[in-house]
Amino acid sequence: MNKSELIEKIAAGAGLSKADAKKALEACVDTLKKALVAGDKVQLIGFGTFSVTERPAREGINPATKQKIKIAAKKVAKFKAGAELSDAIQK
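Counting with this note's numbering, you get residues 1 to 91 for the letters of the sequence shown.
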């Protein structure tokens, strides 16, 4: 499912116009992004938790040259599915 298909589903499910559904989706994604950038954890009961974790610096190998390279530390977004979502997927 792509963004436009998701907007159509939101509009149909909530009884909104596609324009209003698009605004709602964009506001939701923007708010989620700002919270993660600020280092906050976003927990949606029944759906899951979005958080930011930090990967430490490590040593890797360049597959083309087989030389060792340093991989810098970085922050990554993480999603952990909630129990209700996990159960729904298993059915």
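Heads up, a few of these hints could be off.
[As the list claims (entries may be wrong)] In silico DSS-like pairs for lysine-lysine, Cα to Cα no more than 25 Å straight-line:
#	residue 1	residue 2
1	K34	K74
2	K3	K34
3	K70	K80
4	K9	K74
5	K3	K23
6	K91	K34
7	K33	K18
8	K91	K70
9	K33	K75
10	K41	K23
11	K18	K3
12	K66	K33
13	K91	K41
14	K34	K22
15	K80	K41
16	K91	K33
17	K34	K78
18	K78	K3
19	K3	K80
20	K33	K9
21	K18	K41
22	K78	K91
23	K80	K91
24	K33	K23
25	K68	K33
26	K74	K41
27	K68	K80
28	K22	K9
29	K41	K3
For the record, the hints were derived by calculation from the structure and aren't laboratory data. These numbers come from a predicted model, not from an experiment.
Evaluated hints:
no., hint, result
1, K34 - K74, "18 Å, holds"
2, K3 - K34, "19 Å, holds"
3, K70 - K80, "28 Å, violated"
4, K9 - K74, "35 Å, violated"
5, K3 - K23, "12 Å, holds"
6, K91 - K34, "34 Å, violated"
7, K33 - K18, "22 Å, holds"
8, K91 - K70, "43 Å, violated"
9, K33 - K75, "13 Å, holds"
10, K41 - K23, "23 Å, holds"
11, K18 - K3, "12 Å, holds"
12, K66 - K33, "37 Å, violated"
13, K91 - K41, "28 Å, violated"
14, K34 - K22, "18 Å, holds"
15, K80 - K41, "11 Å, holds"
16, K91 - K33, "30 Å, violated"
17, K34 - K78, "15 Å, holds"
18, K78 - K3, "20 Å, holds"
19, K3 - K80, "21 Å, holds"
20, K33 - K9, "22 Å, holds"
21, K18 - K41, "29 Å, violated"
22, K78 - K91, "24 Å, holds"
23, K80 - K91, "18 Å, holds"
24, K33 - K23, "15 Å, holds"
25, K68 - K33, "34 Å, violated"
26, K74 - K41, "17 Å, holds"
27, K68 - K80, "32 Å, violated"
28, K22 - K9, "11 Å, holds"
29, K41 - K3, "24 Å, holds"
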